[in-house]
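A.B. asks: Sequence lines, in order, name chains C and U. Just so it is clear: in the first sequence, position 361 is 361 by this note's numbering, and no numbers are missing. Just so it is clear: in the second sequence, position 260 is 260 by this note's numbering, and no numbers are missing.
No wet-lab data here; the hints were simulated from the structure. Take every hint as true, because none was put in to throw you off.
Partial chain C-side listing against chain U, Cβ under 8 angstroms, derived:
hint : residue
1    : Asn297
2    : Ser300
3    : Arg386
4    : Gly406
5    : Ala422
6    : Ile432
The list that follows gives simulated cross-link-like pairs (lysine-lysine, DSBU-like), each with its CA atoms no further than 30 angstroms apart:
hint : chain 1 : residue 1 : chain 2 : residue 2
7    : U       : Lys103    : C       : Lys282
8    : U       : Lys103    : C       : Lys402
9    : C       : Lys52     : C       : Lys39
10   : C       : Lys282    : U       : Lys174
11   : U       : Lys174    : C       : Lys215
12   : C       : Lys62     : C       : Lys51
13   : C       : Lys420    : C       : Lys338
14   : C       : Lys63     : U       : Lys174
15   : U       : Lys103    : C       : Lys338
Which stretches of chain U does chain C cover? Using the computed rule of at least three CB atoms under 8 angstroms from a CB of chain C, they are:
hint : segment
16   : 7 to 18
17   : 119 to 129
18   : 134 to 147
Computed from a predicted structure; not experimentally measured. We treat Cβ as the ideally placed atom computed from N, Cα and C, and that holds for glycine.
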Amino acid sequence: MEVKIAPHVDEIIRALGTTGTTVNQAIIKEELTRLLEFKVPVEEAKRSLLKKYGNIDIPSVKKLSELGAGERNIEVTARILEINTKVVGIKEQERTIFMGTMVDETGARSFTAWDDFGLEKGDVVKVTSAYVRMWQGMPEINFGARSKVEKLDSSALEPLLSKDLERPVLLAELKEGEPAVHTIIRIMESAQQEINTKNGPRTIVTGTAIDSTAKLPFTSWVPSPELTAGNTVEIKNAYMRSWQGIPTINMGEFTSVSHSETPIDDSDIARVMDHVPIRLDKITNRDGAFDVSIEGNIISVRPGSGLITRCPECNRVIQKNICRVHGLVKGRNDMRIKYILDDGTGALTVVLGADLTQKVTGYSIEKAREVAGADMNLSAVEEKIRGKLMGLSMRMRGNMTKGEYGITLVASDVEVTEIKPAAAAADLIKEIEGAIHHSPGQGDSDLW
Amino acid sequence: MVEREVAWRVFAHEFIHSDYFFHDGDEFSPNYLVTPTGARVNRLYFVGVLTEIDNLGAGEDMWRARVSDPTGAFSVYAGQYQPQASVFLSGLDVPCFVAITGKARTYEPEDGTIYTSVRPEELNTANDSIRDRWIVDTARLTYERIGLVRSAMDSGLKGDELTDMLVQSGASPKLANGILRAVSHYTDLDKYLNTLSGVIVDALKNLTSDDQYPSPGTGISHAMEEVARSKPAEDMVKETPARYSIEDTQPAQSTEPENARVAGKEIDNGTTDSEPARPEEDKPEPDEMVYELMGIMDKGNGVPVTELVDESKRSGLTDEQVDGAVKTLMSEGRCYEPRIGVLRRV
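Using the sequences and the hints given, assemble the complete structure.
C.D. replies: Here you go:
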C-alpha cells in the first residue's frame, strides 16, 4: 500500500518546529520512507522520528479500561465524576492533592491530581502526559506539573455514562476493583470495630449487605449511623476491594451513605435468604461470592480427599510426618474432601472440612483410621469416600473464590438433596407440552 | 487459570446423533463434540444401566461397555490409560446402575459415518434415585437448549448479534457458541429437535408411570408406537419417594471395584418397593411373561418386536399389556434395544 508521505513529513517538521528544532526535510522524508519500507506503522514511525530529533514523546491515547500498571505518557479523555481534596504531607510539607473518579465510555477509574488544575465535578477533560500507578490493586491515573489538562465542551463525551451511573447496580453484578460503585443495599448485620492503624486507633464498621441478588460483606472506614441492621441505604461512590478473595464493598471518606427512599423488604431478599441455589454458569462468572448456595452432582472426588495429616505447628498438610517448614513433627490427623461439583452449566471445586466430611460420609476421624488400617492406607479411605459420594446430588453453602487453581467454594454446610422424580418429571412434561410457544430458558423452575 | 470443562448433560439419543467434532488452536487444545442442541461437549456426565461389558482384543486391555438411558445407549471404552476404569468395569455384573464422568470421543471409519463414544474419567455404581434425578436434570437442560436453538433459528440473526441474543436469553457464552455452530452444521435440525422433544417427554413419562400403567408413546419401536397411539393417555402421575440418604445410595455393597456387585434383584426392588401392594399378585405378571418370552425367543440376535407382540398375544396378553411390559423392562434396565425394532434381555 502506498502511503502518501508528504503530509506526514510536514507534520513532523511542524511538530519539531514547536520545540525550536529545525531538521532537513529530505532527511525526515528519507528516514520515514525507510521505516515504512520496513512496514513500521506510520504512527509508530512518526513517533520514533519525533523522539529522535526533537525528544518529543507523543502520548498514546487510551481508554480507561485499557490502562495497565506502569504506563506513562498517556492521553485520556474522561468526565470527572467525583473530586475531593486531600491534604497530605510530602517531604514534611503540607500539600493539597485532588483525588476522585473519572469515567469514559469504557469504565471508571480513580485518579490523583498532584496539582490544582481547577477541576470540578462534571468537567470533561483531556489529560495528556499522565501516568498510571497501581493503587489498592487497581490502575489509577496520576497527573501533575508535567501534565497538560484541557477542559472540553461537556458534549464531547456524549452520551456518556453519567446517565448509567445514576442507575444503582445489583450486588451480583459488582466486580473486583470497581470504583464509583452506586448500589442500594439492606444491612443484614453490622458492628463497630476498633482497629489499629499507623495513625493510631480507628473505628470502622463491618458487616453484611444484601439485595435481591446476593449477599456481600462491607467495610466502612467512616462510622455512619445509617449502617444499622435492618436499614436500606443508598450508597454512592463506594469502591470494591477483595478481602480474602471475596469482593467487599468499601466505603471511605468520599462515599455517601443515605437512607433509601425505596426499602428492600423481606420478599425482595427471600431467594437469597432462603438459600435458593444459584446455577453454576451464573456464579462462576463472578469474581467471588459470599455465602452462596449451589447445587449439582459430585462428578469427581479429587486425590487428597479423606484422611490427611497436618503439621501441629502450622496446619500445613504433610506427608510422612515431615513438614517442609518445621521438619519432623508428630502429625495430627484431620479429614477433608475435595470434589468437583457440576450441574451441567458450570463446575467448581468444593472443599469440605472434617465436620462436613463426617456429615456426608458418616466417618469420624477414628472410623477413617480404622478404614485405613494399621498400615495407614490412605487411598483406601479415599476410595471409600469416592464410592459413597461420586454421582450424588448435593446442595451446599459457602464462600466462593477464584484463584490460580480455579474456582473453589469452601463449604459452611452441605446436604444431599432429594427431589421426587415423578413429580418433577410430571411438572416438566406439563411445561414442555403446555408451552409450545413459550420460550424456555426463562421459565421459573423449582429445580434452580 | 484454566477453566474446567463443564460436564454436559445430554441424553444418549442426542449424543449418538451428534457428528460435529472440532478443535480450535493447536494440538493441545481441547476437542469438542457439538450436539444438535448446541452443547459443546468435551466432558459429560451420565447415569444409566450397564447392559454389556466386553474385553476387546487379546493381550491389550481394552474394555467396551454399553450404558443405556431411556433414550438409547452410550458406548464407553476404557483402555490401558484408564486402568482404574478398566478394573472397575471388569468387576461389575450386568445389569447395574452406573454414574460416569468422561470425555467425548469420536470414531470415524472410512465410510464417513461418525460414532461417538465416551472415555471414562471417573465411575461409580449408582441406584435408581440417582438415575431418575439425572433424567430429570438432563431433560430440563436439554429442553432449555432446544428452546434456545429454536429461538436462534427463528431470529434470523447471525454472528455476534445472534450470540448476544442467546446470552441475553440465558445461554452461557459457550452454549451460545455451540448453538451457532449447531445451527450452521446440522441439516434438518427442526425435525430432529421435534424428535428429541418427544424423546425427552417419553423419558420423563417413564418416571411418572408405575409398572402396571406405563405411559404411552415411548419410542421403543415403530411397531410399539402404533400400539401405543391407539391407547388413551393415562395420567398416572405417581410419586416415588426419593430415597436419598447417603447410606441408601450404596446398597450394602463394598465400593472396591473388584468386589462391586449389584444384584439384579435389587433393581427390581428399587422400582417396586415404594408401591402399594399389587391387586393381582397371584397371577403371572405381564412383565415377567414378556421377559420370559423374550428369553425363549432369542436365538442370539434379539427378538423382533412384532414377533414378540404376536407371541405374547397368543399367550393371552393384550397389546397394551405387552407395550407396558416392554417399557417397564426397558426402564428397569432388564432389556434393551440393540437395533431399532429388536429387543433383547440384558
